[in-house]
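Let's have the full structure, built from the sequences with the hints guiding it.
Number of protein chains: 2
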Amino acid sequence: MKYVHRVDGKVQLRDIDSSQDGGMIEDDARKETSRLGKELEELQELLFAAGMHSLLVVLQGRDTAGKDGTIRGLSRYLNIQGVKVKGFKVPTPEEIGHDFLWRVHPHAPQKGMVSIFNRSHYEDVLVVRVHNLAPEGAWKKRYDQINEFEQLLVENGTILVKLCLHISKDEQKERLLEREQDATKSWKLSVGDWKEREFWDDYTDAYDVALSKCSPNHAPWYVVAADRKWYRDLAITHALVESLRPYKDGWLKKLEGMGKVALADLQEFRAGQG
Amino acid sequence: MKYVHRVDGKVQLRDIDSSQDGGMIEDDARKETSRLGKELEELQELLFAAGMHSLLVVLQGRDTAGKDGTIRGLSRYLNIQGVKVKGFKVPTPEEIGHDFLWRVHPHAPQKGMVSIFNRSHYEDVLVVRVHNLAPEGAWKKRYDQINEFEQLLVENGTILVKLCLHISKDEQKERLLEREQDATKSWKLSVGDWKEREFWDDYTDAYDVALSKCSPNHAPWYVVAADRKWYRDLAITHALVESLRPYKDGWLKKLEGMGKVALADLQEFRAGQG
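Same order as they appear, the protein sequences are chains A and B. Using our numbering, you'd call the opening residue of the first sequence number 1 and step up by one each time. Using our numbering, you'd call the opening residue of the second sequence number 1 and step up by one each time.
Accuracy of the hints is not assured; some may be wrong.
Any copy will do: because identical chains look the same in the list, a pair fits if it lies in one copy or spans two.
To be verified - The list that follows gives simulated cross-link-like pairs (lysine to aspartate or glutamate, EDC-like), each with its CA atoms no further than 16 Å apart:
1. Lys-185 to Glu-45
2. Lys-84 to Asp-193
3. Lys-248 to Glu-95
4. Lys-140 to Asp-99
5. Lys-185 to Glu-256
6. Lys-260 to Glu-178
7. Lys-195 to Asp-265
8. Lys-188 to Glu-26
9. Lys-188 to Asp-265
10. Lys-89 to Asp-68
11. Lys-2 to Glu-32
Hint data in this document are derived by calculation from the structure and do not stem from the laboratory. The model shown is predicted, which means the values in this text are computed figures rather than measured ones.
So this is what it looks like as C-alpha cells:
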C-alpha cells in the first residue's frame, strides 16, 4: 500500500515519522481522497449486493489521534445503510465477567456489511497492559487469542483492515490545547486525557508489541501517519480501496449470475400472465 | 415546511402531485440540498454532543419509491458514528409471536443518536391490511396503538420525522423496467414487485387511512413528492433541518455549560500538579 506502513515482522513506532505527507500538498491530497472515496462508494455497493464478504475496519490510536475524525471522513463516502460503528469503552462488570472477546464477537460484520471498530479488542493488550488491569498471565495469552479470533473472521469471508493512527507527542499536546480554546469543543475535555499522556512511552511499548505480534499475513496492521489530517484521510481511503479492489471481479460475476436468474423468473411470470 | 406536505387531518394521496418540483431546476435544487446538508451535518454534531434528544426518521413508500436512495443521499451528510439504520422486512415467527411493536421498540434511538427506519411499524397497517395478514379486529386497533407508542417516544425526547415517499404508478413502472435494463441492478428484480402493483389502489387506500389517522400534532406525517429524485432529496434534507433547528440554541447552551465544568476540572488538576 502506497501511503501506509504495512507491519511485517517487528515494528517500532519511533521509527515511523508521524508527520509525513508523501511529498504531497494538501489540495492535491484532498482531490485524490475524493476520487478514491467515489471508488470506495462503488466498492461498498458491490460488497453489499454480492453478499459474499464483509469488511471490518479496526481503528486504534492514542487519545486525539483522530479516530472520530477518520470516521467522519469515511462517512462522506460510505452508505450508512451498510455500516455499523461500534465504540469499545471501559468494559462493564458483565463484560469483565467474560473472556475479552465476548463483547467483541457480536459486532463482527454480517456478509455484505461494513463494521468500524472505534477502539477494539486491542485495548485489552494496550490500556490493560499499561495500567495492569489484568494479571500478566492473562494478557500475555491474548496476542495468540487475537490472532486466532481474527483468523476465524477472515476464513469466514471478512476483509479485515487494521489501522493504527500514529501521532507525535507534540501533535497531541496541540490538539488537547485546541480543545480548551474552542468553546464548542471544550466539553470534550477530560483531565484523564492529560493524565494518560504521562504514560506515553509505556503506550508506545505496548503498541510496538501488539502490532508486531498481531500482524500475521492474513491480518497485518497498517500504521497511518496521522499528524496531518488530510494525509491521514488519503492514506486510509486508499488502504480501504486497495483492500476491496481485488474482490471486485468476483462480486460482479456473482451479481451477473443473480441478475440472470431474476430476469428468467420475470420472463416466466410474464408468460404465465399471457 | 416548504417542500413537503404536512398531513393535518384527512389526506388523499391522489390529491398530491408526485411529480412536483417547486418550480425549481435540478441544478439549483442540488446546490440547495448540499447547502442544507452541511447545516444538517452541524445539527447532528450538536444533537450528538448535547445528548438531550434523539432523532427518528421513519421512511415509508411503495416499492421503488426511493427509500434506499434517500438513505444514500443522507449518508453524504450524516456522520455514520451517530446513525443506525434499521430495515423492517417480513416478520419472523418469533416476531409474529409478539405484539407488532415488540420488534420496533428496541431500535428507538438513544439520546444523541439518529435512527432511520427503512419501512417501519406502519407496514402493520399497510401490507397487513391490503393482504389480510392479521384479523381486522387486530389491525384496526393499531392506529391508536401507534399514536400512543410514538407519543411515548416524543415525550422522552425523540424528534420524530415521518416521511412518506410518494410516486406515481407510471414512475414506478419506469423504475422497474430500468432495473431490467441495467445489468448491475437486475439482481434486485423481484417478481413480487410486479405482483404488488396489482394492489396499487388498495395500498393507496391503506396509506390514506394510516396517514390521516396517525398524524397528531406531536407526530405528523410529511408526504414527499418523489418522482424526481433531486426534488425528493431537497425536500427531505430541508424537512430534517427544519425539524432540528428549533433545538439548536438549547444544545449550544448545554454544551457551553459542559465546557465550563470541563475547564474548571482542568484548572484544578493543573493547580494540583503545580
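Let me make sure I understand: some of the numbered hints might not hold for this structure. Which ones are they, in numerical order? 2, 3, 8
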